[in-house]
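**Q** Using the sequences provided together with the hints, build the complete structure.
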Amino acid sequence: GIELDEKYFNICIERIKKSIKEKKEFNSNKIYDNIKNIEDRYKKIDEWFIPRDRDSYYLTNDFHPYFAAFPPQLVRKVMEKYSKKGELILDPFVGGGSAITEAKLLNRDSIGIDISPLAILISKVKSHPIKITESDISSFLSVIKDDLQKYKQLHYEEFIYEIPELTNIDKWFIKEVQFQLAIIKHHISCLQNENLRDFLLVGFSSIIRKVSNAKNAEQHLCIKKGKNIPDTFSIFSKKISLMKDQMQQYYDLTKSNNSMVKLYQFDTRKMKDIVKKESIDLIITS
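Note that full-length UniProt numbering numbers the sequence shown so that position 241 is 241, with each residue one more than the last.
Worth flagging that the hints you see were computed from the coordinates, not collected in a lab. Note that CB positions come from ideal geometry on N, CA and C, so glycine has one too. Take the hints with a grain of salt, since some may be wrong.
[What the hints assert, rightly or not] DEER-style ranges, computed between Cβ atoms: (1) 116 / 159: 29 to 37 Å; (2) 279 / 77: 17 to 25 Å; (3) 159 / 260: 39 to 47 Å; (4) 135 / 171: 33 to 41 Å; (5) 131 / 274: 42 to 50 Å; (6) 81 / 175: 51 to 59 Å; (7) 84 / 149: 49 to 57 Å; (8) 169 / 234: 15 to 23 Å; (9) 226 / 279: 48 to 56 Å; (10) 161 / 277: 44 to 52 Å; (11) 267 / 158: 40 to 48 Å; (12) 210 / 278: 43 to 51 Å; (13) 175 / 222: 29 to 37 Å.
[What the hints assert, rightly or not] Straight-line C-alpha distance at most 30 Å; calculated DSS-like pairs for lysine-lysine: (14) 255 / 227; (15) 272 / 84; (16) 152 / 175; (17) 131 / 239.
**A** Structure follows, in structure tokens:
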């Protein structure tokens, strides 16, 4: 096997521990730099060492965060090593859709299964190449912007759009954010074009945490006191514009690709009802 440089690793870890022990407040950037230093060193030694940082999520893989998702580079390496073009890949817990998206990019057929409707929605939008135009986005955002301006002049009790009845909603979202999200969600729901509607829903879902009162990077929900809440429309419009560019790149890479992607919102324990026996060439999941 590969012999890792344990001495170097241990020195870096001890430096981090010492910094934490000696100071009540410490420079998290310095700790991050130390960890990146370890990653950079080990990357040269171990070809399978892939950092789990958000910057590594390229193309449509960057559409929506999903806890416990594996880096797309890891999925790609496994598929390139253990499968061939045209073979069938199965992800029985498809989650954020990294596996089926990489399968499409690598010209492999794929099946994704998940019990979560959100997982299926994210996976569908990420893996199915569609043409989204600048006009599609700009006209939609223009309608929302006009509506937001109109409702700024009204009292809260005059608001006509539906705000979901969630437990402690006022704890998690300030009123202004609730109204802005409700307006955006209403206009997305009114769209007749299913592909565009689903595309925008994924973008909408992806910003919820950022515009809430919750900490952004915690797996478990908790309030961040004094959090600076960004403007909801600005965050949404920037996200959608970025997604449009990422989808265009994904579309260009896969438009001549005939590989199929099938998604099922289904109980994986019963997948023999939808997956043919001995039809799968590679199973990969996280």
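**Q** Against this structure, judge whether each hint is valid.
**A** Verification of the hints:
Range check, residue 116 to residue 159: Cβ separation about 30 Å, and the 29 to 37 Å hint holds. For residue 279 paired with residue 77, a C-beta distance near 24 Å keeps the hint of 17 to 25 Å intact. For the pair residue 159 and residue 260, the beta carbons lie near 44 Å from each other, so the given range of 39 to 47 Å is met. Taking the beta carbon of each, residue 135 and residue 171 are about 39 Å apart, inside 33 to 41 Å as hinted.
As the Cβ distance of residue 131 to residue 274 is approximately 29 Å, the hint placing it in 42 to 50 Å is violated. A hinted range of 51 to 59 Å holds for the C-beta pair residue 81 and residue 175, which are about 52 Å apart. Look at residue 84 against residue 149: about 55 Å separates their beta carbons, and that is inside 49 to 57 Å. The hint said 15 to 23 Å for the Cβ distance between residue 169 and residue 234, and at roughly 22 Å that hint holds.
At about 54 Å, the CB distance of residue 226 to residue 279 agrees with the hint of 48 to 56 Å. Between residue 161 and residue 277 the Cβ separation comes to about 49 Å, which falls inside the hinted range of 44 to 52 Å. Separated by about 45 Å at the C-beta atoms, residue 267 and residue 158 satisfy the suggested range of 40 to 48 Å. Between residue 210 and residue 278 the Cβ separation comes to about 45 Å, which falls inside the hinted range of 43 to 51 Å.
At about 21 Å, the beta-carbon gap between residue 175 and residue 222 misses the expected band of 29 to 37 Å. Restraint check for residue 255 and residue 227: not satisfied, since their Cα atoms lie roughly 42 Å apart, outside the 30 Å limit. Taking the CA atoms of residue 272 and residue 84, the gap is near 24 Å; set against the 30 Å cutoff, the hint holds. Proximity of residue 152 to residue 175 is assessed by CA-CA distance (about 12 Å); at most 30 Å being required, the pair is judged to hold.
Distance restraint check for residue 131 and residue 239: the Cα-Cα separation of roughly 17 Å lies within the 30 Å cut-off, and the hinted pair is therefore satisfied.
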